[in-house]
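Below are the chains, spelled out letter by letter.
2 protein chains.
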Amino acid sequence: MSAGWFRRRFLPGEPLPAPRPPGPRASPVPYRRPRFLRGSSSSPGAADASRRPDSRPVRSPARGRTLPWNAGYAEIINAEKSEFNEDQAACGKLCIRRCEFGAEEEWLTLCPEEVSSYPAAPWWVRGQLGKSGHYWALFDGHGGPAAAILAANTLHSCLRRQLEAVVEGLVATQPPMHLNGRCICPSDPQFVEEKGIRAEDLVIGALESAFQECDEVIGRELEASGQVGGCTALVAVSLQGKLYVANAGDSRAILVRRNEIRPLSFEFTPETERQRIQQLAFVYPELLAGEFTRLEFPRRLKGDDLGQKVLFRDHHMSGWSYKRVEKSDLKYPLIHGQGRQARLLGTLAVSRGLGDHQLRVLDTNIQLKPFLLSVPQVTVLDVGQLELQEDDVVVMATDGLWDVLSNEQVAWLVRSFLPGNQEDPHRFLKLAQMLIHSTQGKEDSPTEEGQVSYDDVSVFVIPLHSQGQESSGH
Amino acid sequence: MSAGWFRRRFLPGEPLPAPRPPGPRASPVPYRRPRFLRGSSSSPGAADASRRPDSRPVRSPARGRTLPWNAGYAEIINAEKSEFNEDQAACGKLCIRRCEFGAEEEWLTLCPEEVSSYPAAPWWVRGQLGKSGHYWALFDGHGGPAAAILAANTLHSCLRRQLEAVVEGLVATQPPMHLNGRCICPSDPQFVEEKGIRAEDLVIGALESAFQECDEVIGRELEASGQVGGCTALVAVSLQGKLYVANAGDSRAILVRRNEIRPLSFEFTPETERQRIQQLAFVYPELLAGEFTRLEFPRRLKGDDLGQKVLFRDHHMSGWSYKRVEKSDLKYPLIHGQGRQARLLGTLAVSRGLGDHQLRVLDTNIQLKPFLLSVPQVTVLDVGQLELQEDDVVVMATDGLWDVLSNEQVAWLVRSFLPGNQEDPHRFLKLAQMLIHSTQGKEDSPTEEGQVSYDDVSVFVIPLHSQGQESSGH
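The listed protein sequences correspond, in order, to chains H and A. Anchor point for the first sequence: position 233 equals 233 in the UniProt record's numbering, and the numbering is continuous, going up by one each time. Anchor point for the second sequence: position 110 equals 110 in the UniProt record's numbering, and the numbering is continuous, going up by one each time.
No lab work stands behind these hints, which were simulated from the structure alone. Accuracy of the hints is not assured; some may be wrong.
Given that identical chains are not distinguished, each listed pair holds provided it fits within a single copy or across any two copies.
[Stated by the list, open to error] Here are the simulated lysine to aspartate or glutamate pairs, EDC-like style, with alpha carbons at most 16 Å apart:
| no. | residue 1 | residue 2 |
| --- | --- | --- |
| 1 | Lys309 | Glu168 |
| 2 | Lys302 | Asp363 |
| 3 | Lys327 | Asp304 |
| 4 | Lys309 | Glu164 |
| 5 | Lys430 | Asp188 |
| 6 | Lys369 | Asp188 |
| 7 | Lys323 | Glu164 |
Whole structure, please, built from the sequences with the hints as guidance.
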């Protein structure tokens with residue numbers, strides 16, 4: 001881990017520092033709301049200001065970072081969406097130590113130790129034996145980098161607190177019903193067993209609570225510093241032989257092996273969470289302030305559609321049906337557009353994430369936050385059960401990569417590059433750089449006609465079968 | 001289809017006839033609420049009155065029915081849960097005819113035609129060519145058979161109405177944005193295509209709407225006739241080369257092929273829908289009237305737990321965490337028990353289904369209905385893509401079967417029986433009977449130590465590659 005990250009780190013409660021010395025653009029970057037076409041019949045994409053097809057990205061050289069176990073990380077700043085990179089990242093080592101005889105040891109730390117000094121065993125075995133683990137996180141900001149910077153500096157502390165609070169259950173064979181281990185009822189262990197509660201459920205619970213706690217911290221910090229914005233969060237944690245992937249937003253993690261591509265996360269967008277969002281608007285119609293329609297139609301309806309029977313979907317439907325168009329159906333749709341252009345309340349492209357406490361629909365008092373969830377979905381990969389090969393990796397990246405490369409294309413790049421470079425100690429770093437390179441429309445890119453990403457792109461390549469003899473990247 | 005079903009059928013709006021002549025038990029069977037142990041610390045299963053381990057089932061001979069395409073159906077009345085069988089079934093042919101030149105043809109009918117007169121082609125091909133299809137449905141009642149009987153006599157009519165309403169979209173290559181085919185906007189077809197809306201989405205929408213409509217009919221009918229109760233509903237519809245399986249409740253359908261077992265439905269119980277149910281109680285705490293706690297604990301808490309830190313889950317958590325027990329946590333849990341013993345509000349073992357409009361928690365005014373969904377989950381099997389073998393079947397059954405036999409055990413029975421009986425025209429009927437026989441604790445049963453089902457059991461065996469030359473069952 002490079003010192004660059006530590007420089008950007010500050011404590012929760014401390015006001016967010018202005019990231020640059022005073023100057024013409026030193027004041028916090030105001031939130032630029034996507035153009036919201038109220039009252040007009042917009043075509044898909046009209047409400048989308050997150051892409052700027054008219055401007056080619058401003059690129060900075062991909063920066064390699066020294067990471068534990070040679071994991072490769074490279075990032076590119078582009079699109080001039082704000083003065084500072086809206087993608088942020090964090091990673092480090094987790095140490096869980098048992099607190100014995102009342103000694104006040106720190107349970108869990110995120111620290112920049114080099115791993116080359118570690119025993120020559122794969123990290124997941126070391127993690128299993130030593131009760132230590134690792135943490136990788138990507139945050140993709142919107143409305144400026146403030147929320148993403150705060151998240152990169154805060155979430156691991158929240159996770160540490162949450163894990164500390166349940167560490168007694170984590171180190172037991174089975175979590176006890178009572179944290180102090182005292183059985184109130186002799187059959188308590190049986191109830192825990194019948195419910196199928198395992199130590200990994202406590203890690204999942206800790207991740208869920210940590211995201212919520214971090215969201216509250218960001219809300220307080222942004223309000224105190226008069227700043228705005230939000231971010232997605234994708235976190236991978238290796239602990240006790242398992243890899244936990246927690247996702248809130250539209251970043252993605254996949255496992256790439258010789259004969260397998262396995263998604264480790266699921267994107268949360270207005271489209272993928274349509275039924276949840278429509279359901280909330282059904283239960284609390286006042287959240288739409290009479291300005292939006294909850295229903296989904298193939299396109300925004302016009303006056304000419306009045307009285308016609310058109311295709312629609314409501315909150316309880318996964319299929320489609322027809323309804324006769326009424327005047328209220330002509331309002332702007334709660335979710336509008338499809339694919340990458342889908343927007344919640346004409347404003348936001350994601351439905352989960354951190355921050356956005358102040359975000360309102362342009363020129364209205366309609367809040368986005370009630371529709372956003374800060375809770376991640378957590379998947380668990382039992383690394384110990386995998387029969388790992390040397391080139392098995394997890395690729396984590398923000399949407400800038402996945403907009404341009406499919407899972408299959410990323411897997412193809414991984415499989416093309418790694419086997420021929422097994423001696424290169426920096427191969428995972430180089431692979432991460434190559435993945436980013438592939439989003440910049442080069443002729444040798446695997447994308448059709450060299451597609452270009454106009455968004456920030458950040459990538460982690462995490463080797464699952466890291467060799468102890470390798471030196472770290474730089 | 002046997003005449004027996006038609007005898008039990010009556011029109012929506014018509015009052016539910018008393019099914020037997022007046023006598024000591026002729027008045028509607030009162031809803032027997034499971035014993036609800038208020039204020040006590042019950043062990044799992046204490047609130048469960050749906051099983052009667054003290055009484056062996058009263059069995060009626062398995063009855064074979066003449067079904068389209070030789071599908072086997074057999075049922076068994078047992079457990080004396082009410083005077084009449086709480087399991088009900090319906091099946092028949094669906095005909096969709098295009099209405100041309102204003103002729104008032106019926107679009108879709110459910111009729112008892114024999115299939116032996118049909119061309120010698122698999123049903124899914126006939127369905128595809130002739131725009132006709134088939135319908136199978138199982139309903140498992142609780143609190144008496146009234147809702148299940150109503151559903152068996154009503155749901156297909158609701159489905160017919162819903163399909164009729166969208167038939168123009170069903171027969172088109174792609175559903176038009178406007179039902180009359182008139183484009184308001186030249187790019188309408190493009191919007192429909194971008195949203196990926198296909199004819200099968202209209203069938204899914206029709207099934208979803210039909211379940212809701214049927215639920216409303218049942219609510220009105222039961223109220224008018226002063227009866228109570230509810231039922232689960234599992235429906236399979238073959239139409240245009242696809243098999244749609246719609247499920248609301250804890251019945252199950254699986255596809256069994258030589259090398260594949262594929263679940264075609266998902267059970268909806270208080271456990272599988274925990275987060276949705278807890279979320280509703282979070283949003284509307286008044287639904288619990290201060291009598292229940294929304295939180296899940298490994299067991300019901302007691303006074304001794306006060307102040308301790310215990311394992312818990314709330315609506316936003318898929319993992320577990322610890323909380324310090326407060327007085328309000330000692331209330332009866334919204335969802336209590338695990339597995340087959342899990343109960344919603346101490347009363348109901350399913351979280352989706354039809355009816356139950358009047359159902360309240362014993363001795364309170366707390367309604368169950370707000371927590372129940374009548375909307376099914378619909379899965380689609382593209383039969384035309386399967387490369388069918390002669391012994392490929394769909395097995396649909398109520399929970400009485402699945403409580404005792406696993407998917408693998410049912411598949412084993414299917415694969416043991418069918419290949420050796422290919423010449424038997426009644427083999428699917430016999431297979432259905434054999435499956436039910438296997439739930440009655442016989443020594444030759446594949447279940448461990450001959451497990452016994454004390455519940456009603458109903459089974460459909462639907463051959464996917466039915467041979468035209470076969471005669472129908474009897």
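For each hint, the structure was consulted:
1. Lys309 / Glu168: Answer is between: at 12 Å across copies they meet the 16 Å cutoff, but 60 Å inside does not.
2. Lys302 / Asp363: For lysine 302 and aspartate 363, the Cα distance exceeds 16 Å both inside one copy (22 Å) and across copies (53 Å).
3. Lys327 / Asp304: Close inside one copy (11 Å), not across copies (59 Å); limit 16 Å.
4. Lys309 / Glu164: between (57 Å within a copy, 14 Å between copies)
5. Lys430 / Asp188: neither (52 Å within a copy, 46 Å between copies)
6. Lys369 / Asp188: Answer is neither; intra-copy 39 Å and inter-copy 32 Å both fail.
7. Lys323 / Glu164: between (54 Å within a copy, 14 Å between copies)
Of the numbered hints stated above, those contradicted by the structure are hints 2, 5 and 6, listed in ascending order.
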